[in-house]
Amino acid sequence: MGFSKVIRSFLDDRFDTKLAGDLINKQVYKRLPPHTGWAHVFGSLALVLFLSQTVTGILLLMYYRPTPDEAHASIQFITGEAKFGWLYRQVHAWGATLMIASVLFHMIRTYFMGAYKKPRELTWVTGVLLFIGTIGFGFTGYLLPWNQVAFWATTVGTDSASKVPYIGDWLQYFLRGGDAVGAETLSRFFVVHVIILPWILLGTVAVHLFLMRLNNLATMERVGEEKPTPRECGIPFFPVHVAKEAVVMVLLVAVLVTLSVVSPWEIGEPANPLMTPPHIKPEWYFLPSYQLLKYFEGSSGALLGILACSVPFALLIFWPFLDRGKERHPRKRPLAVSVGILGLTAAVFLGYLGHISETDVTFFGQKYHITLMGWPEKITGDVGASPPLIDH
Amino acid sequence: MGIPAMMYLWPAARGGSTNVEVEGAIDLKPGRSKTLQVGSKAVIVVRERSGFLAFSAVCTHLGCLVKWDADSKKFLCPCHAAVFDGNGKVVSGPPPAPLEAYVVKEIGDKVYVAPPA
Chain A
1 MGFSKVIRSF
11 LDDRFDTKLA
21 GDLINKQVYK
31 RLPPHTGWAH
41 VFGSLALVLF
51 LSQTVTGILL
61 LMYYRPTPDE
71 AHASIQFITG
81 EAKFGWLYRQ
91 VHAWGATLMI
101 ASVLFHMIRT
111 YFMGAYKKPR
121 ELTWVTGVLL
131 FIGTIGFGFT
141 GYLLPWNQVA
151 FWATTVGTDS
161 ASKVPYIGDW
171 LQYFLRGGDA
181 VGAETLSRFF
191 VVHVIILPWI
201 LLGTVAVHLF
211 LMRLNNLATM
221 ERVGEEKPTP
231 RECGIPFFPV
241 HVAKEAVVMV
251 LLVAVLVTLS
261 VVSPWEIGEP
271 ANPLMTPPHI
281 KPEWYFLPSY
291 QLLKYFEGSS
301 GALLGILACS
311 VPFALLIFWP
321 FLDRGKERHP
331 RKRPLAVSVG
341 ILGLTAAVFL
351 GYLGHISETD
361 VTFFGQKYHI
371 TLMGWPEKIT
381 GDVGASPPLI
391 DH
Chain B
393 MGIPAMMYLW
403 PAARGGSTNV
413 EVEGAIDLKP
423 GRSKTLQVGS
433 KAVIVVRERS
443 GFLAFSAVCT
453 HLGCLVKWDA
463 DSKKFLCPCH
473 AAVFDGNGKV
483 VSGPPPAPLE
493 AYVVKEIGDK
503 VYVAPPA
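Going down the list, the protein sequences come from chains A and B.
Position one of the first sequence corresponds to residue 1 (the numbering used here), numbered consecutively onward.
Position one of the second sequence corresponds to residue 393 (the numbering used here), numbered consecutively onward.
Please note: incorrect hints may appear among the correct ones.
What the hints assert, rightly or not - With a straight-line cut-off of 25 Å between C-alpha atoms, the simulated SDA-like cross-links for lysine to any residue are: (1) K433(B) / P508(B); (2) K26(A) / L274(A); (3) K465(B) / L274(A); (4) K433(B) / M373(A); (5) K433(B) / P282(A); (6) K466(B) / M373(A); (7) K466(B) / S442(B); (8) K433(B) / A180(A).
Treat the hints as calculated values from the structure; they're not laboratory data.
Please read all numbers here as calculations on a predicted model, not as lab measurements.
Turn these sequences into a full structure, and let the hints steer you where they fit.
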């Protein structure tokens with residue numbers, strides 16, 4: 001008897017393997033709705049990136065040391081001394097940004113195709129929670145290299161928490177583990193980044209996938225009028241859709257390695273708690289909030305700013321319960337599509353303003369200084385940007 | 393279980409000295425400044441012709457550290473362009489409150505700063 005037969009016989013004696021096999025086959029060979037195409041691969045892409053982040057993160061943990069005295073030096077060691085350490089660090093850093101982008105594209109596709117509607121509201125809600133969790137990964141992981149930009153971006157980020165009404169000061173104190181960003185903050189962010197968030201995300205991914213397989217992908221039919229996809233019209237999950245996903249995965253590996261080599265993330269200067277560098281800016285996914293917060297001044301303004309940044313996330317979570325129309329096709333949902341386009345345009349515009357604020361740019365041959373608020377000021381002659389601050 | 397866990401997670405006060413000598417203060421020329429750590433907070437000490445001034449260096453907007461501009465005699469925040477006057481009051485920009493003033497004591501040729509009582 002061959003080895004595989006021995007294993008098979010061992011399992012057959014103990015489990016209902018026929019039932020298990022039927023369940024797996026049903027999932028593998030199920031038919032997807034006819035409109036399923038390349039736009040449907042972003043969810044799997046995000047999942048693969050999550051796995052890649054887990055593997056590269058575990059490898060980085062072998063040498064990373066989460067203390068203010070050693071964190072920056074350990075990153076330097078990983079990059080310069082450990083074999084292929086530079087590659088794992090770069091793939092991890094770029095993987096983070098691509099993971100957030102994948103989750104965003106996946107949400108955009110789901111939104112515009114009306115796939116969040118009944119009976120898939122909870123799949124959408126778990127998806128938004130995954131998006132928030134992914135951003136949380138970005139926020140906590142950003143501090144770990146303990147460089148100047150990371151330190152001060154975290155200082156500004158955690159300071160924003162103090163603007164939350166009633167509990168703001170406590171919240172900030174709790175997040176930082178003290179009055180200011182320091183050793184306790186690094187420990188807290190490290191534990192959240194490598195233990196708490198991965199397990200929360202893993203559990204949420206499991207629920208998300210379970211719900212998705214339970215209800216199958218949404219068709220473009222009206223709510224309540226969806227019919228099971230006939231075998232002759234549906235797209236086979238295996239091998240057709242799996243092949244598309246495989247192509248995208250190969251491209252992903254190519255893009256990750258290319259970005260790591262062509263555009264590596266700098267280690268930066270070690271954190272200096274007594275010197276804020278000029279014009280610190282957060283990562284691209286925080287730029288819209290960063291820019292929006294600037295327009296709210298004074299004590300009540302800060303609160304309004306926090307509210308303005310929170311409303312989009314609250315709207316996202318509750319959207320399936322607010323938009324109760326039966327249509328899924330974007331052409332038949334002008335209001336929802338307009339809200340979506342408006343929200344995306346505002347986020348891109350604010351993000352771009354945040355990116356170019358406090359820099360000099362050239363539009364149609366004319367040089368402008370973009371102020372803190374994002375307004376362009378014409379530069380005449382050789383006058384440059386705002387004067388540098390005086391050093392001690 | 394929950395309450396002890398929350399109490400455990402609540403940051404324990406680390407203490408640290410709150411009455412700190414400003415190293416090299418006596419050599420600081422008028423108009424110049426020095427930033428130092430007092431407890432867990434950054435404090436900026438400015439030497440004026442009339443004596444020493446000390447404020448929390450933490451901008452009340454979003455926590456960046458201000459710098460002293462000797463020419464304009466103002467504190468400038470590098471993050472969101474806030475400007476505070478020589479008394480720590482907001483001149484322009486988004487901060488909701490003035491810089492917190494610290495107590496300065498000159499004993500002999502030594503200068504000490506401490507948080508307000």
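### Task
Would you check the hint for K26(A) and L274(A), treating anything up to 25 Å between C-alpha atoms as holding?
violated, 61 Å
### Query
Are the Cα positions of K466(B) and M373(A) separated by 25 Å at most?
Holds, at roughly 21 Å.
#### Entry: Pairwise hint evaluation, P282(A) against K433(B), where the allowed Cα distance is 25 Å at most
holds, 23 Å
### Task
Please work out if K433(B) and M373(A) have their alpha carbons no farther apart than 25 Å.
Answer violated: K433(B) to M373(A) is near 29 Å, above 25 Å.
### Query
Within 25 Å, alpha carbon to alpha carbon, are K465(B) and L274(A)?
holds, 20 Å
### Query
For the pair supplied as a hint, K433(B) and P508(B), is the alpha-carbon distance within the 25 Å limit?
holds, 13 Å
### Message
Against the 25 Å threshold, does the CA-CA distance of K433(B) and A180(A) hold or violate the hint?
### Response
holds, 7 Å
### Query
Under the criterion that the straight-line Cα-Cα distance not exceed 25 Å, is the pair K466(B), S442(B) satisfied?
holds, 16 Å
Hint violations for this structure: numbers 2 and 4, all remaining hints satisfied.
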